[in-house]
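For the record, the sequence lines run as chains B and P. Residues in the first sequence are numbered consecutively from 1, following this note's numbering. Residues in the second sequence are numbered consecutively from 1001, following this note's numbering.
The hints are simulated quantities; they were obtained by calculation from the structure and are not laboratory data. Just so it is clear, CB atoms sit at the ideal spot from N, CA and C, and this is done for glycine as well. Please note that a few of the clues may not be correct.
As the list claims (entries may be wrong) - Derived coverage of chain P by chain B (criterion: at least 3 residues anywhere in the stretch with Cβ under 8 Å from a Cβ of chain B; other residues may be distant):
hint: 1; segment: 1005-1014
hint: 2; segment: 1076-1088
Unchecked claim - Using 30 Å as the maximum straight-line C-alpha spacing, the simulated DSBU-like pairs for lysine-lysine come out as follows:
hint: 3; chain 1: P; residue 1: LYS1123; chain 2: B; residue 2: LYS169
hint: 4; chain 1: P; residue 1: LYS1109; chain 2: B; residue 2: LYS169
hint: 5; chain 1: P; residue 1: LYS1173; chain 2: P; residue 2: LYS1026
hint: 6; chain 1: P; residue 1: LYS1003; chain 2: B; residue 2: LYS194
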Amino acid sequence: METFVIGLSIASILFIVALGLAIVYGTMKVINLAHGEMVMIGAYVTVLASKHLGLSIYSCLPLAFLVAALFGLAIEVLVVRPLYGRLLDTLLATWGIALILQQLIRIHFGFALFGIQIDGLGSDLQNVPVPAELQQTLHVLGTNIPVYRTFVFGVAVVLGLVSWWLIYKTRFGSQLRAVSAARNITAACGVNDKRINALAFAYGSGLAGIAGVLVSGFKTVSPDMGAPYVIDAFLVVVAGGVGHLLGTVLSAGILGEVQSFVATWSNDVYGRTVLFAVVILILLFKPQGLFVSRNR
Amino acid sequence: MLKLNHLNAFYGTSHIIHDLDLEIRKGEIFCLLGRNGVGKTTLLRSLVGITVNTTGRIEFEGRDISTLPTHARARLGLGYVPQGREIVPGLTVLENILLGCNAREDGRKTVPQLVWDTFPMLKEHLHRRGTNLSGGQQQQLAIARALATDPSVLLLDEPTEGIQPNVVEDIEKSITTLNRVHGLTIVLIEQKIRFARSAAHRFAILEKGRVRVSGASNELSNDLIHRHMGL
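For reference, chain P alone in the conformation it holds in the complex (with noise of 0.2 Å):
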């Protein structure tokens, strides 16, 4: 489904992506694991096309989409849910999942079913700016926005980080329907090992900037994790 060939990326002279190989397979899960600055967050960007320049070959549903402006990615079916959530200021909850509802080619304004089966939470606050909700609102706000552009992949850059621990288990249970049942397929940047090994299908620890180990998830040993992701 999305497949990464030779791929360097870069901020402005440094070198983040060294040569990188990478496929994702229709309707799986695909962890992507490391310490901090490996290069995960950077990797989902060259993905979506934002702030890096990159070189090489990002195979998306069969076709070359990394000269394509981000928008028109986002058009081919990318939800991307960035670190940090990035609500955007001015806005309400209601528009911001609207934003979404841009890349879509059908309908257009209506929000998807799905993003209110998912997060029912999210219609009591409609009115409301979107960066007045909490961390863990904010967070299924981001997803819901991506929700609302009817991705077939969806990015999410480490989508439980600095929230309470009842929503995190809430968003967790979400990502999991997402794909089982929905059959989205999932790249997510985690740094919870726990939650890794029970959604993902497979995973790839990077280091610097490389693929160093992958595999089923399954594979994900205390070993391999003391080895590459231990201080």
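Isolated chain B (complex conformation) (with noise of 0.2 Å):
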């Protein structure tokens, strides 16, 4: 029971990267590979706010949401727009300011060339402090349930509902769906489609930065964490199918619960490999991901 909900967690944390990852690859058909560093973002965020302002774990949600957003925005602008069209630049692109993103943590945003150390910042890992009520086990027929795995849980199905409730319900949503599915005449019905690029990315990575607060709970932080969620985020996004979110929360699902469980009886390092080969097991049988979208 205990790693069921260790696995639904795990499930969530890829759920909200991989949902962002999926926003920004539907609508523009690009490859963020800074996607994960925005997770980085969002966790840097909490142990900066926690340690500076004394901002908890719950306030950081939204604040991380913002500055990731911002920093997606900054990429989509400067980066992605001039490269339109040109999937492998932007991937190099992408995964440059990857690069550059895990440097300047490290070398405390530049300040360190003048000896200046900001605290939380470096190559030295960070831990958060997470609030008392967050670190309870409860017991539910006899087994635990740590609280904090919960409430990952709880805030990715938030996350879930509100990301359906914009992309089906809001007009923002059917402008974004338009896009993605039939841009030029969707620009000749007045709709600024690069504008709904840039509001996608920043939504997208908005997202990643929350995950990264909620990551920050239980991992420690380092600048190089982000990368292996861009790869999970990306496998999840393949196997689940392109472009249809039910696909994204089912492939999250079984992807974290495998990992979850498989790490349990033997190690991490086998969780890995067996999620790898679950990957490529449904791909081989379904290329086209669990769910094919009928859009196509």
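Take each chain as given, in its own frame, and dock them per the hints.
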């Protein structure tokens, strides 16, 4: 049971990160390799805000969303936009941004050059204080359920619902879906497609930022923590079927649980090995992913 | 109303439209004719600014719009109905029409009455997916979507191509009504000479990206058609 809840929380993180990646990829067919760094930025926002401003992890959620979204917006406007339609170039460019962001944290945003050190930055590992009520464990039916993991799951559910509402029930959402499906004609209907791109990129990055806050509660924070998340999130998106919200939910669920259960029975390395094997199997038998978007 | 000066259009490095001059007057139906591949569709795409690079001047109501992005041109009043209709997949009929309302500066969220008056049939299918409609219905939806942008010029790319005959008649009727009754200026790419003759005020025949012949539609003789459009 405990393993299941831990798996659920891994799945939740995967889902949030993958959702952001999927929105960006779905809208502008750009794979943002700096997406993992948005997770990292979210985590560092938590570290800095709790060290210097005394903020709790709750108030860090919207703050990290905002900061990561601003980073995303800047990346879209300054780097991705001039490279529209050049997939390989955007891959390289966003990877470069990922490296730059990691190094910026290591050198304290450049202040280290002048001998100024900011507490919470640098190459060291950081920890985030978790509020006491989230550190407890619940005893349900004779099993221990860590409250923090349930909290992570709750946040993911809320974000999933908010994103669903945003995509399917708002004016912005219908513009977003129209841009993803038929960019030219949507622009000819008066929709500023570049603005939609920028907003989608910012929203996707913001989601990753929130994931970063959640991760910081049970993992140490370091400059290179982001990279594995892009890979995992990408696997989730591909295995679930590109452009399918439910597919992303399901595939994040499956992959998270697989990793959690295998890791409990043996160790983390096997957990990841089996995870990759499962993805390969899914793609062998369902090359389009678990769900095929009917719109194509 | 629309004035093209030395317009050149390119897909990548291939040069499609060559130094083209054209004027479309307010309130007329202007018909673009020509064989396949002479640049008719490219010309319309240049007007709305989709996927082509252009040089030269595109003047719309006295203003050069050639450097404006597509959405800004739509907001100025260019309504575009592309070849093959391009109904947005995944969106309902209503959502497709409302998409057009993004180009409106006024009320914004309401579908103009003109849309319902012109295509009352669409009212019965509002919540179906646009792509589930029949070809003829999709074409009407595409025109409805362009009407929802509140255009002063409607650009129609072969609006009756591949559509069952009785619906063709409906669509042709609504095109003439939009022009004669509601005063919309219309640029029409058309292969059906009969309709071009009856509806259009003036025409131009394109060949290899240039205007070969142009004039009033009563000058559109069989001889011209055989010479420039026959196989």
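Structure-based check of each hint:
| no. | hint | verdict |
| --- | --- | --- |
| 1 | 1005-1014 | violated (count 0) |
| 2 | 1076-1088 | holds (count 5) |
| 3 | P:LYS1123 to B:LYS169 | holds, 21 Å |
| 4 | P:LYS1109 to B:LYS169 | holds, 14 Å |
| 5 | P:LYS1173 to P:LYS1026 | holds, 20 Å |
| 6 | P:LYS1003 to B:LYS194 | holds, 28 Å |
Comparing the model with each numbered hint stated earlier shows that hint 1 is the single one that does not hold.
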